[in-house]
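A.B. asks: These protein sequence lines map, in sequence, to chains A and H. Heads up, the first sequence is in the working numbering, so the first residue is 1 and it goes up one at a time. Heads up, the second sequence is in the working numbering, so the first residue is 1 and it goes up one at a time.
Watch out, some of these pointers could steer you wrong.
[Unchecked claim] Distance windows between CB atoms, simulated:
(1) H:A200 - A:S66: 17 to 23 Å
(2) H:Q204 - A:A70: 21 to 27 Å
(3) A:T67 - H:E129: 53 to 59 Å
(4) H:D199 - A:Q75: 39 to 45 Å
(5) A:D37 - H:E126: 40 to 46 Å
Because the hints were derived from the structure by calculation, they are not lab data. These numbers come from a predicted model, not from an experiment. For each residue, glycine too, the CB sits at the ideal point set by N, CA and C.
Protein chains: 2
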Amino acid sequence: MSQIVLVTGASSDLGVATANALAQSGHTVYAGLNPADAHPADRLTEPNSHDLRPIPLDVADQRSVSTAVANILTQSGRIDAVVHTVGPVPRGPLESFTPYQLAQIYDAHVLSTQRINRSVLPQMRERHEGLLVWVIPTNHQADGAPYLALHTEAITMIDHLAATYAQELTEFGIETTIIVPGFLVPETGPHVRTIHPDDAETVQAYEDRYPGLIHRVDTKLAEHDLTDAEVALAAQAIAAAVSSPKGTRPLRYAPGRSSTASG
Amino acid sequence: MSQIVLVTGASSDLGVATANALAQSGHTVYAGLNPADAHPADRLTEPNSHDLRPIPLDVADQRSVSTAVANILTQSGRIDAVVHTVGPVPRGPLESFTPYQLAQIYDAHVLSTQRINRSVLPQMRERHEGLLVWVIPTNHQADGAPYLALHTEAITMIDHLAATYAQELTEFGIETTIIVPGFLVPETGPHVRTIHPDDAETVQAYEDRYPGLIHRVDTKLAEHDLTDAEVALAAQAIAAAVSSPKGTRPLRYAPGRSSTASG
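Throw the hints in and build the complete structure from the sequences for me.
C.D. replies: Given below as structure tokens:
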């Protein structure tokens, strides 16, 4: 059955691939594009025979989220599924991130999904029907790695929030699927996008004490950049979850590894 | 050897007990008290023979943190140890917390400690000497419990940040001790202080679907309220960690359970 789907972060590689895969599967896809990005819709190249609708969506702005969701509900009457994607990777000594940066990272990873969820869930709860899809990279490569604590923490938080929503929404008939791609993080462009610390002086103090460590971490991150094939696999997995009948969707799915995995 | 110690959140039961235990052990104790609290210093009853110094400290305000630390450094020349305490317990369906509330909870648990650390760590790194003490309640009772996801998440985050600092500060000669009390959470007053969701309408929708669950959670929370004996044990453990010679302090200590524990 054709579903009304909202894809957040549709200007990233994975977002584009996901929006296209969903449209090709016959769904009506609202592709949320940040108005601050240059020519955000250029990469959504699906032919007009598919129902792919770019909409302005800044997940950092409650008003933008509320407006986008209200417009979709006016146009299509409902939202059946939401696809949450994840933010960029913070890299650096913990001490060298300002509290302001920590707040921004928390906003990009957690508050953004909360804004979306609080906007779409009421109509899902009323209809006793709906699906939250969360794309959460595996933590295995980063866990315990130096200078990636904030990245590991963001993934841990999002995973925990997704699992909590899955549990708390059970009695409302709303389902959850967590897609765990086999790469470090899905982000815009050919390389992993990182957030560097604002406090350069403190970074230098750590570099003096742990010489070359930042360079080694960056090399490692680049190695774990996603391939086109991995992006396509993840997008297909998301489309398959949305297309599956209620009651048959996996809570966790790791495309390209095994049919189900614990992430 | 007498140490210069900063105790944050010194107006809570645990904060008062910790400040007094440290002062009785012969340390110079700066007891950080939020200026917004009524008569915050009233409960710091230590006789004048001990060196217990109340200072205004609002950990939510960078300027207050910077001023407090600068004043201590002017008066005492250094800060040898900092004791981080934890914030209140959020309770309710995840969806019913506004993004603004999530940001406030993150600020109370994470940004507050980052403000303190970034203010005290530079002089510790320069001296190649220092101790961070984190009081982090065990997660065991709350993990997986309904409506306590944000509490569990806050504890997981703080524990991970504390362990990250422990690792990243090793080469700077700065030590970490994580005190894991045997109760749910240390907070102001005789009962656990909870943060309730702002969105009462959504809370009601969940209460309709899961009748009585909120009450059952609150009853459970009250059962895990701390006893005076447990507060005293934790305060003694903190004082013992500060008094111990460098190189002999445990990374993790669970007072009243075993000599060392994994929390």
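A.B. asks: Decide, hint by hint, whether the structure agrees.
C.D. replies: So, going through the hints one by one against the coordinates:
| no. | hint | result |
| --- | --- | --- |
| 1 | H:A200 - A:S66: 17 to 23 Å | holds (19 Å) |
| 2 | H:Q204 - A:A70: 21 to 27 Å | holds (22 Å) |
| 3 | A:T67 - H:E129: 53 to 59 Å | holds (54 Å) |
| 4 | H:D199 - A:Q75: 39 to 45 Å | violated (26 Å) |
| 5 | A:D37 - H:E126: 40 to 46 Å | holds (43 Å) |
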